[in-house]
Amino acid sequence: MSTLAAKHTKSFDDYLFSFGAWALAIMWALPLLYAIWTAFHPAAYETRFELFAPLTLENFYKAWMQAPFARYYLNTIMLVTSILVVQLILGTLAAFAFARLEFKGKNFVFTLVLLQLMVMPDILIVENYQTMRKLGLIDTILAIGLPYMASGFCIFLLRQTFMTIPTELDEAARMEGASIFVLLKRVYVPLAKPTYLAFGLVSVSAHWNNFVWPLIITNSVETRPLTVGLSIFATTDSGTEWSIINAATLITSGPLLIGFILFQRQFVQSFMRAGIK
Amino acid sequence: MGKLNQQWIYAWLLLLPAMVILLGFTYLPAIETFIDSFFSTARGRRPSVFVGWENYERLISDDVFKRVLWNNAIYALVTIPASIGLALAMALFVHSPRRGVGLLRMAYFTPTVLPLIAVANIWIFFYLPTIGLIDQIRALFGFSAQNWIGQPDTVLYTMIAVAVWKEAGFFMIFYLAALQAIPQPLREAAAIEGASRWTFFKRVTLPLIMPTTLFVSVNAVINAFRLVDHIFVMTQGGPNNASNLLLYYIYDVAFAFWDTAYASTLTVVMLIILSVLAIGQFFFLDKKVHYK
Amino acid sequence: MMYSMKKLVTSTVLAASLLSTPAVAVDLEFYFPVAVGGGAADTIEALTKKYVEMNPDVNIEAVYAGSYNDASAKAITAARGGNAPQISVLLSTEMFTLIDEDLIEPFDAYVTDAEKETWIGGFYPSFMENSQTGGKTWGIPFQRSTPVMYWNKEAFKEAGLDPEIAPANWDELVEMGKKLTKTDASGNVTQWGLRIPTAGFPYWLFQGLSTPNGAILANADGNKTTFDAPEVVEALEYLVALSAEHKIMQPGSINWGATPKAFFEKEAAIIWTTTGNLTNIRTNAPFDFGVAMLPEKKRRGAPTGGGNFYLFKNASDEQKQAAVDFVKWITAPEQAAVWSIATGYVAPRPGAWETDAMKAYVEEVPAALVARNQLEFAVAELSTYENKLVSKIFNDALASAISGEKSAADAMAEAQSKADDVLKAYRSTN
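Protein sequences appear in the order of chains A, B and C. Quick note: the first sequence uses numbering that gives the first Met the number 0, first residue 0, plus one each step. Quick note: the second sequence uses numbering that gives the first Met the number 0, first residue 0, plus one each step. Quick note: the third sequence uses numbering that gives the first Met the number 0, first residue 0, plus one each step.
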């Protein structure tokens with residue numbers, strides 16, 4: 000008798016749970032659904048949701064004509080990849096120094112590194128522009144990424160991770176005469192993979208969306224990332240054209256979304272051993 | 000002694016590349032900024048002069064600054080718990096096996112993938128009075144139109160909603176990973192003992208995901224100050240500073256008014272606030288974290 | 000003998016031609032903002048390319064610089080970094096700021112006296128109000144606009160009004176607005192009579208009220224504002240009353256970008272917006288519409304808007320001369336007509352309206368003439384030193400009155416005192 004009652008409450012609980020999950024999901028996906036709606040329908044249906052409204056591909060055509068998406072895409076991929084790779088390399092080296100080596104002033108320097116978390120390069124744009132000028136790097140993809148390539152957050156995360164790796168592994172490797180780099184490659188890097196992934200996600204996401212600094216430092220189509228290229232759709236004088244903006248959105252996010260759908264399980268599984276411990 | 004020296008050399012060699020970049024693009028400019036806050040702004044025709052605490056005094060009597068601090072406090076106080084809480088809820092929803100979990104995951108993650116220009120304009124549409132989506136839905140229930148973004152008492156909350164929407168799905172990924180790291184035997188043992196879902200959650204899950212919560216909340220705090228991009232597109236801080244936030248104000252002062260000295264002053268204040276928050280966070284949450 | 004003579008001649012000719020090689024091509028960087036959609040960027044790039052093809056001694060790189068605000072941030076950051084462009088199109092209201100930052104030079108030194116009369120003197124005077132100060136020409140009008148009133152003829156018919164006649168003055172605006180405002184059974188408004196977008200930068204359309212009321216917001220030297228003049232306060236009270244008292248306009252700050260859409264969806268029967276929206280409205284309005292000048296009170300009036308060409312200081316003389324030549328070409332009637340037709344901006348010289356292309360366009364779209372005709376009554380857009388700060392002070396004050404937080408008189412008094420605090424420094428150093 001009691002188990003029956005328990006079963007009933009359990010399924011009600013379940014039902015509530017499911018309802019919550021799906022309600023939240025619909026609310027969260029609304030903007031994307033709206034984007035899909037407007038991208039495939041003519042502008043007249045931007046605010047009207049009639050079931051049998053005519054479909055059209057014209058918005059995609061118009062959006063495509065207004066900006067060289069392929070090139071902007073390439074620039075953005077090169078940008079976030081180069082930033083991430085350098086961040087990880089520099090971060091690994093620095094984190095190892097903080098985690099495993101003893102030297103004077105270690106804590107002071109580490110605090111300095113932590114402070115970088117608080118200082119957003121966005122505020123230091125004018126000074127950084129002047130530095131880039133002196134280095135002759137104006138209007139290059141390298142210039143967009145350079146101020147971000149040393150990431151305090153990355154160093155901090157990796158240090159925490161490295162500190163949890165048992166020192167016995169260190170000693171074993173040392174006894175075999177391994178140098179620091181071999182040690183890193185064989186022991187530390189593989190064990191810290193989940194942290195690399197987690198940070199990678201944070202970094203790519205942040206730099207994919209960065210706008211102000213890339214706007215200031217780039218001049219040409221060959222260096223401009225997507226965010227700046229897309230700003231041409233955010234025009235104010237002639238009224239917002241949602242269908243075209245959203246067609247442009249689908250062009251730029253479509254591949255990412257499809258990638259996420261297809262590789263979802265692998266993506267999440269790679270976080271399985273994450274434990275940001 | 001020799002060994003220590005060697006370690007010292009190795010350490011600095013390892014640190015050098017990172018430190019050079021940090022120095023050149025973060026520390027030196029930051030110090031310049033700090034120094035600038037004690038001078039007046041140089042305009043093309045007038046050089047900058049030392050003014051001591053004048054800029055800070057101006058800060059204290061600046062109405063916009065006070066409003067901005069107040070707004071940012073509300074903004075942070077709501078977005079941080081809301082995005083973390085929702086992220087955890089989403090992770091829980093998606094973690095348990097059910098039909099359509101892949102769709103759910105994608106739905107929660109979409110905000111991270113959409114570019115800001117689109118997101119901002121889509122939300123503008125949602126908030127439009129009468130013809131916007133929210134008002135259209137409300138009209139079905141007989142509610143009258145509301146100018147959500149155009150009224151000072153609602154605009155800040157519209158910005159908060161957009162921020163929470165953007166953040167929660169992103170944090171969900173980290174919670175999902177943490178949840179999946181909770182060993183299955185623990186769950187089974189709890190089920191055998193007849194522990195309810197809620198008890199299991201409170202006693203086992205929460206403590207085990209504390210490290211993730213620390214990671215996520217550090218991000219959330221920084222984002223509460225950093226994520227102002229939607230303000231640029233949607234409200235420009237208005238109406239009458241009702242949705243103005245600290246970083247947006249700094250940007251306005253620095254790149255619209257070109258009052259670089261005052262912008263430096265505001266930046267110094269922001270740095271102090273963030274440092275205090277960061278240190279506070281580490282101390283508070285660090286105690287609760289279980290490292291293996 | 001003949002052979003070596005020939006050789007001598009050939010080598011002399013060769014040497015002579017080498018010595019008289021044409022000057023090395025001048026390089027110019029040209030920043031342009033886009034505020035009317037991607038097609039504009041293509042048009043500018045095409046025009047620039049055409050010029051470069053016709054003038055091989057000049058290389059011009061046209062750089063898309065984002066919105067007006069973005070372009071300004073980009074140009075000034077670059078200038079402070081020692082890497083300024085040679086020319087840039089920026090808001091006409093930035094003139095005093097750019098002068099103060101010591102970034103620009105007047106065009107006068109690079110034109111002959113005759114050109115001063117025919118070229119510089121050939122622009123519509125109202126556009127020159129934001130382009131000249133202290134007797135010098137600091138900006139050349141390029142993409143200029145003015146706000147106009149669009150009305151839904153169908154909605155007028157439905158409300159029992161003559162669809163061909165727009166409200167001519169403030170009283171008519173209120174009267175007709177009331178007839179045009181429709182509510183449903185539960186008292187919710189389904190169609191507003193009027194929509195004046197006031198979010199973001201309310202001062203521009205507000206000038207469409209203050210000017211007809213006889214007020215000028217700032218002086219020609221850019222160092223004194225008169226925000227608290229009774230005419231200004233009256234205009235603001237009228238604006239606030241449209242929502243609060245007459246209920247013909249939505250309360251609160253009204254979004255700018257959604258205005259054409261609101262018009263198409265019949266959420267508002269009359270809208271005020273830039274003439275730059277004409278092409279969009281013409282293409283997409285599902286009904287007959289009319290375009291008229293803004294209604295008058297004591298007089299007709301409106302602000303101008305848009306961007307001018309500015310010449311940056313830190314360039315070589317050759318570059319500056321080449322830049323001025325380019326600007327002369329691109330503002331010439333043929334090019335101005337192309338630009339105006341492609342974007343909806345008002346061609347800034349009478350000559351442009353005489354070109355065949357423009358005449359054909361005007362026949363097809365007579366509404367394009369409204370903006371031009373309004374220029375007679377147009378005044379300078381609000382522009383002072385530290386322009387962005389002063390306009391923010393003013394915008395914030397307008398918003399506070401619109402939302403009902405402050406009375407119009409209080410808001411304007413406060414705005415005037417804050418603006419004065421900023422601008423008094425510029426009166427003494429002058």
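Hints were generated in silico from the structure; no laboratory data involved. Treat the hints loosely; a few may be bogus.
Straight-line alpha carbon distances no greater than 25 Å define the calculated DSS-like cross-link-like pairs of lysine-lysine that follow [claimed, not checked]:
(1) C/K327 <-> C/K297
(2) C/K297 <-> C/K246
(3) C/K181 <-> C/K246
(4) C/K417 <-> C/K115
(5) C/K312 <-> C/K297
(6) C/K181 <-> C/K156
(7) C/K115 <-> C/K152
(8) C/K48 <-> A/K61
(9) B/K65 <-> C/K177
(10) C/K246 <-> C/K115
(11) C/K312 <-> A/K133
(12) C/K49 <-> A/K61
(13) C/K177 <-> C/K246
(14) C/K135 <-> C/K327
(15) B/K65 <-> C/K405
Hints, one by one, checked against the model:
no. : hint              : result
1   : C/K327 <-> C/K297 : violated (38 Å)
2   : C/K297 <-> C/K246 : holds (24 Å)
3   : C/K181 <-> C/K246 : holds (11 Å)
4   : C/K417 <-> C/K115 : violated (38 Å)
5   : C/K312 <-> C/K297 : violated (42 Å)
6   : C/K181 <-> C/K156 : holds (13 Å)
7   : C/K115 <-> C/K152 : violated (44 Å)
8   : C/K48 <-> A/K61   : holds (22 Å)
9   : B/K65 <-> C/K177  : violated (41 Å)
10  : C/K246 <-> C/K115 : violated (50 Å)
11  : C/K312 <-> A/K133 : holds (20 Å)
12  : C/K49 <-> A/K61   : holds (24 Å)
13  : C/K177 <-> C/K246 : holds (8 Å)
14  : C/K135 <-> C/K327 : holds (17 Å)
15  : B/K65 <-> C/K405  : holds (18 Å)
The structure fails hints 1, 4, 5, 7, 9, 10 (numbered hints given earlier, in ascending order).
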